[in-house]
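> Please construct the entire structure, taking both the sequences and the accompanying hints into account.
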Amino acid sequence: MTDPARIRNFSIIAHIDHGKSTLADRVLQLTHTIEDRDMVEQVLDSMDIERERGITIKSQAVRVLFTAADGIEYTFNLIDTPGHVDFTYEVSRSLAACEGVLLVVDAAQGVEAQTVANALMAMNANLEIIPVINKIDLPSADPERVRHEIEEALSIPADDAVLTSGKTGEGIREALQAVVDRVPAPIGDAGKPLKALIFDSYFDAYRGVVALIRVVDGSISAGTKIRMMATSTVTDVEEVGYRRPANVPVDELGVGEVGYLVTGLKDPSLVKVGDTVTLARHGSTEALPGYRDVKPMVYTGLFPIDGDQYPELRDALDRLRLNDPAIIYEPESSHALGFGFRCGFLGLLHMEIVKERLEREFDLDLLATAPSVEYRVTKTRGDVVTIHSPQDMPDAGSVDFMEEPYLKVTVLVPPEYVGAVMELTDGHRASFVNMQYLSNTTVDMHYEMPLSELIMDFFDQLKSRTKGYASLDYELIGYRRSELVKLDVLLAGKPVDALSFIVHRDKAYARGKMLTEKLREIIPRQMFEVPIQAAIGGRIIARETVRAMRKDVIAKCYGGDISRKRKLLEKQKKGKKRMKNLGTVEVPQEAFMAILKVDD
Amino acid sequence: MTEFPEHVYVHVPLCVSKCGYCDFCSVVTSERLADTVVAALTVQASTLAPAGSCAHASTLYFGGGTPSVLGARLPRLVTAMRTVFGVAGEGAEVTVEANPDSMVPALAAALVPAGVTRVSLGVQSFDDSVLRVLGRPHDAGSAERAAGGVMATGALDLSIDLMCGVPGQDMRSWEESLVRAIDTGAAHVSVYPLTVEPGTPMDAQVLSGVLPAPDPDLAAEMMLTAERMLGAAGIVRYEVANFAVPGHESRHNSAYWTGRPYLAVGPAAHGMVAADDARLVGVSATAPAGAARLRYAYASDVQAWLDAPLAPPAEIEWLTADEAAREDAMLGLRLSAGIDPALASRAGVVGVLESLVGDGLLERADDRWRVTQRGWLLGNQVFGRVWAGE
Ligand SMILES: Nc1nc2c(ncn2[C@@H]2O[C@H](COP(=O)(O)OP(=O)(O)OP(=O)(O)O)[C@@H](O)[C@H]2O)c(=O)[nH]1
Ligand code: SF4
Ligand SMILES: [Mg+2]
Chain A
0 MTDPARIRNF
10 SIIAHIDHGK
20 STLADRVLQL
30 THTIEDRDMV
40 EQVLDSMDIE
50 RERGITIKSQ
60 AVRVLFTAAD
70 GIEYTFNLID
80 TPGHVDFTYE
90 VSRSLAACEG
100 VLLVVDAAQG
110 VEAQTVANAL
120 MAMNANLEII
130 PVINKIDLPS
140 ADPERVRHEI
150 EEALSIPADD
160 AVLTSGKTGE
170 GIREALQAVV
180 DRVPAPIGDA
190 GKPLKALIFD
200 SYFDAYRGVV
210 ALIRVVDGSI
220 SAGTKIRMMA
230 TSTVTDVEEV
240 GYRRPANVPV
250 DELGVGEVGY
260 LVTGLKDPSL
270 VKVGDTVTLA
280 RHGSTEALPG
290 YRDVKPMVYT
300 GLFPIDGDQY
310 PELRDALDRL
320 RLNDPAIIYE
330 PESSHALGFG
340 FRCGFLGLLH
350 MEIVKERLER
360 EFDLDLLATA
370 PSVEYRVTKT
380 RGDVVTIHSP
390 QDMPDAGSVD
400 FMEEPYLKVT
410 VLVPPEYVGA
420 VMELTDGHRA
430 SFVNMQYLSN
440 TTVDMHYEMP
450 LSELIMDFFD
460 QLKSRTKGYA
470 SLDYELIGYR
480 RSELVKLDVL
490 LAGKPVDALS
500 FIVHRDKAYA
510 RGKMLTEKLR
520 EIIPRQMFEV
530 PIQAAIGGRI
540 IARETVRAMR
550 KDVIAKCYGG
560 DISRKRKLLE
570 KQKKGKKRMK
580 NLGTVEVPQE
590 AFMAILKVDD
Chain B
0 MTEFPEHVYV
10 HVPLCVSKCG
20 YCDFCSVVTS
30 ERLADTVVAA
40 LTVQASTLAP
50 AGSCAHASTL
60 YFGGGTPSVL
70 GARLPRLVTA
80 MRTVFGVAGE
90 GAEVTVEANP
100 DSMVPALAAA
110 LVPAGVTRVS
120 LGVQSFDDSV
130 LRVLGRPHDA
140 GSAERAAGGV
150 MATGALDLSI
160 DLMCGVPGQD
170 MRSWEESLVR
180 AIDTGAAHVS
190 VYPLTVEPGT
200 PMDAQVLSGV
210 LPAPDPDLAA
220 EMMLTAERML
230 GAAGIVRYEV
240 ANFAVPGHES
250 RHNSAYWTGR
260 PYLAVGPAAH
270 GMVAADDARL
280 VGVSATAPAG
290 AARLRYAYAS
300 DVQAWLDAPL
310 APPAEIEWLT
320 ADEAAREDAM
330 LGLRLSAGID
340 PALASRAGVV
350 GVLESLVGDG
360 LLERADDRWR
370 VTQRGWLLGN
380 QVFGRVWAGE
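Chain order of the listed sequences is A and B. Counting from 1, position 136 in the first sequence corresponds to residue 135 in numbering that gives the first Met the number 0; the numbering is continuous, with no gaps. Counting from 1, position 209 in the second sequence corresponds to residue 208 in numbering that gives the first Met the number 0; the numbering is continuous, with no gaps.
Hint data in this document are derived by calculation from the structure and do not stem from the laboratory. All of these numbers come straight from a predicted model, not from anything done at the bench. Every residue gets a Cβ at the ideal spot worked out from N, C-alpha and C, and that includes glycine. It is possible that part of the hints are untrue.
[Said to hold, decoys possible] Some chain B residues near chain A, calculated using beta-carbon distances under 10 Å:
| hint | residue |
| --- | --- |
| 1 | P215 |
| 2 | N252 |
| 3 | Y295 |
| 4 | L360 |
| 5 | R373 |
[Unchecked claim] One side of the interface only, derived from the structure: several residues of chain A facing chain B at Cβ under 7 Å:
| hint | residue |
| --- | --- |
| 6 | M526 |
| 7 | G558 |
| 8 | D560 |
[Said to hold, decoys possible] Mimicking EDC-like on lysine to aspartate or glutamate, the simulated pairs with C-alpha atoms at most 20 Å apart in a straight line are:
| hint | chain 1 | residue 1 | chain 2 | residue 2 |
| --- | --- | --- | --- | --- |
| 9 | A | K573 | B | E389 |
| 10 | A | K572 | B | E143 |
| 11 | A | K566 | B | D321 |
| 12 | A | K224 | A | D235 |
| 13 | A | K570 | B | E314 |
| 14 | A | K566 | B | E196 |
| 15 | A | K570 | B | D22 |
| 16 | A | K572 | B | E389 |
| 17 | A | K570 | B | E196 |
| 18 | A | K573 | B | E196 |
| 19 | A | K566 | B | E389 |
| 20 | A | K573 | B | E322 |
| 21 | A | K466 | A | D382 |
| 22 | A | K570 | B | E226 |
| 23 | A | K572 | B | E196 |
| 24 | A | K566 | B | E314 |
| 25 | A | K579 | B | E322 |
| 26 | A | K576 | B | E389 |
| 27 | A | K575 | B | D358 |
| 28 | A | K566 | B | D22 |
| 29 | A | K294 | A | D317 |
| 30 | A | K566 | B | D327 |
| 31 | A | K572 | B | D358 |
| 32 | A | K570 | B | E316 |
| 33 | A | K570 | B | E322 |
| 34 | A | K579 | A | E422 |
| 35 | A | K566 | B | E322 |
| 36 | A | K566 | B | D358 |
| 37 | A | K512 | A | E589 |
| 38 | A | K575 | B | E389 |
| 39 | A | K224 | A | E173 |
| 40 | A | K354 | A | E49 |
Below you can see the structure in the form of structure tokens.
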């Protein structure tokens, strides 16, 4: 057990790509947590998807030992967090295990949207904020300007900001010293019964559910009989320890310590992130505040390509949810795709990542349908229903009016791109609220716009129209009435429920037309001609045709190389397997996402 | 040993230069390389069929690459191979592939006494602009002269290869190539739609937009045109891509489609033998349980093969009796004659064939299953489903 006075718990937070994970690398090296020869870049990004995409998706807690200027050794628990807007919830959960943060700001990029959003979260959680201006090795670094932006945009004094480079290692020791000096030690009562927050969890194939905890009061060790307050789960602790980042067992975790707890439970539903762990007998009666439930932003259907995998998909979702409590799901069935789940996600990247993790970690082949938001329908009889899927849209006749979610959107952008942003937002039913200069290089623009427009390729467009300079943050502000219609898509004359979507009446015609065009490009030529139609309430508004395939022959069969010929045929067949067979039409998976790439 | 294969394929991996679309096993030739290749081929062949063995091959096929770049070495190589594999007498078919630039009249004349009976000339097109797109080392004029030289021997069957669906090639150019091919007096014509293989220079040109991608619809029209025009000249389709005056079909190629075993000699050369005969081609591994057929190929890297021409096959693939039957059914459907009901049921594909009839790709006539007009153009659909058995 560590003396709480010698403990510092902090998160590293920042806008995406500002160098959090690289900074964490240097900390791990400087503290000899990982030896140089075992070091890889962004070592805490341990998932394959994280390494491939070069971004952090999951927060990672790791314990390091730092000898401060006064010669005293401190136990740091640092949490590297993701920066992408879709994973804000991940950051907020990490903050609940900490007393302070290193707020990293790229010395060239300056303050961006998630710098602001994450800093505000840290302030609301009453955490000590240490500004760190990073990447000072870059030729384009401008720490003075960034200092000014931090003060202007966040009202945080920045004259004592630490200047660092995760690349050269400069300033890292100073940053850690600042943690010792400025982040308060955790406070708790060792004499009280155990109270610990579950801030994360995962499923281990051998050991079952493992919870990551932050001890507030009391202590916990292997053998302790514990109760999780919200789920009323009682179990014997199999092991406790800390992460380095591999699990290191210890006898006991005490006040202020962060570590893991092997519950021995095999049923993921018994453990809930945000729950409080206490003693089974004579435990605490007061739970920690925990986390507010997250509200998904986008919903999509996830269907196993092979219908037999439905039960596996359900188990996989149960297990993944332990590690990603932001996922929400309920069973859904589709004429076209069979049984699957309607899932709620925090954004499109989140959706993509979850789908990919399900496929990789659980060996599934999944198809995702077009994302939708949550609509509210008030019926003529006065009752209100919420729908997450176009398939649930009631008959036009029974609908009095509909409402859709609106966002407050913040765009931070250099002044020269203000016009480009205006133009883009115009096309997305956004209304301008106001704008303000944070510095002569950054303008803070505010809009209100429907969430359904934001998921329509808005972010990619924003990035490309501002040469990557714009950053974006948003929050839900409520529901507003809107003229919405359901657009159906018919392939070879048959409606395909999984392709329908809900759209604003004014945009229906254009989107329908562009969608059919896009589908014509995506759907490969087949043995027979495939008409593609878009329709509203039975009225066809657009039509395209995929012409029948005329020729499909393999060229010269060389010198009796039959094996190669067969392999080509097998490959062709495999390609087909990746497609969804809808009646007589083979549809590639991306067709279901085509609506996102339709932009006007 | 069940039977010594009657068919032998010999690969000559040399060309004067590399064509832009080529992904065949060949390297640019030189005098030294040509000598080495001939020596290595001869050595490999002799170990496959020890002199005085029971070898009585009925067809020999020299493919490439470009066998004709061997020049005066080619008749010597042919003679050596005929001896090794016991090719003798009236019925034998000995084919050499040739390119117009190296198939000079003197070479044609020298091939006759060596026992060659057919020359397959890689003309591809009689349109110089199409030849340039393909990066071929010859022009239309040399193709006509080479064809003339072969015909002038009075003893060689001429076959001409033509390519359709080449970027920039239009229907008029195609028709003209067909007419000129017919006019050479060739008794056999092969027609291939161009495929742009990944990694070839042409692929790079298409990707970068320098060349338009081949238009599959136009290629389909061209194939129909070929069938019509060649047919009118008495050169009729007997296989997906091959047309001949009846009686002049390639017996060697037909062996591929009818499940007959064949031996391979040379780099990247492919062979097929009964699983029991694996030892015959240097495969010492015991066949897995249920294996009925062995497909094998030698190293496709020319230098690697030259370094060890006696090395066992670099690639082997065992097929079960069921797989072999499905393969036979799939390959048999490449022929105009189609397959008989016995093979169809042995391969367990009757259901598939029926559904292909439903799609208009096959027909049942004269108690055989045959590919239809539409089926010829969509051959992969037919072959793919028959091979998959579903
Ligand atoms: N020049 C320079 N590049 C850096 C520095 N720190 C990080 N980078 C580079 O910036 C990119 C992003 O670094 P990461 O450490 O992955 O950033 P992050 O903040 O963890 O990103 P997310 O977790 O996805 O939000 C990588 O290409 C790093 O190599 C630095 O101090 N100097
Ligand atoms: S002649 Fe044939 S083998 Fe030689 S390079 Fe050209 S296409 Fe390739
Ligand atoms: Mg990171």
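> Within 20 Å, alpha carbon to alpha carbon, are K570 (chain A) and E196 (chain B)?
holds (15 Å)
> Does the structure keep K572 (chain A) and E143 (chain B) at a Cα separation of 20 Å or less?
Measuring from Cα to Cα gives roughly 42 Å; hence the hint is violated.
> For the pair supplied as a hint, K512 (chain A) and E589 (chain A), is the alpha-carbon distance within the 20 Å limit?
Holds, because 18 Å separates the two Cα atoms, which is no more than 20 Å.
> Can the restraint linking K566 (chain A) and D321 (chain B) be considered satisfied, given a maximum Cα separation of 20 Å?
holds (17 Å)
> Decide if the proposed pair is consistent with the structure: K573 (chain A) and E389 (chain B), CA atoms, cutoff 20 Å inclusive.
With a Cα-Cα distance of about 13 Å, the restraint between K573 (chain A) and E389 (chain B) holds, given a limit of 20 Å.
> Tell me if the straight-line CA distance from K566 (chain A) to D358 (chain B) falls inside 20 Å.
violated (24 Å)
> Would the hint linking K570 (chain A) and E226 (chain B) be met if the CA-CA limit is 20 Å?
It is violated: about 29 Å lies between the C-alpha atoms, which goes past 20 Å.
> Decide if the proposed pair is consistent with the structure: K466 (chain A) and D382 (chain A), CA atoms, cutoff 20 Å inclusive.
Violated, because 47 Å separates the two Cα atoms, which is more than 20 Å.
> For the pair we were handed, K566 (chain A) and D22 (chain B), check the Cα-Cα distance against 20 Å.
holds (16 Å)
> Does the closest beta carbon of chain B sit nearer than 7 Å to the beta carbon of D560 (chain A)?
Hint holds; D560 (chain A) Cβ to chain B Cβ min 5 Å, cut 7 Å.
> Holds or violated: K572 (chain A) with D358 (chain B), Cα cutoff 20 Å?
Since the Cα atoms of K572 (chain A) and D358 (chain B) sit roughly 17 Å apart, the hinted pair holds (cutoff 20 Å).
> Can N252 (chain B) be said to touch chain A, with a Cβ gap under 10 Å?
This hint holds: N252 (chain B) lies near chain A, its Cβ roughly 8 Å from the closest one there, short of 10 Å.
Violated hints for the displayed structure, listed by number in ascending order: 10, 21, 22, 25, 34, 36 and 39.
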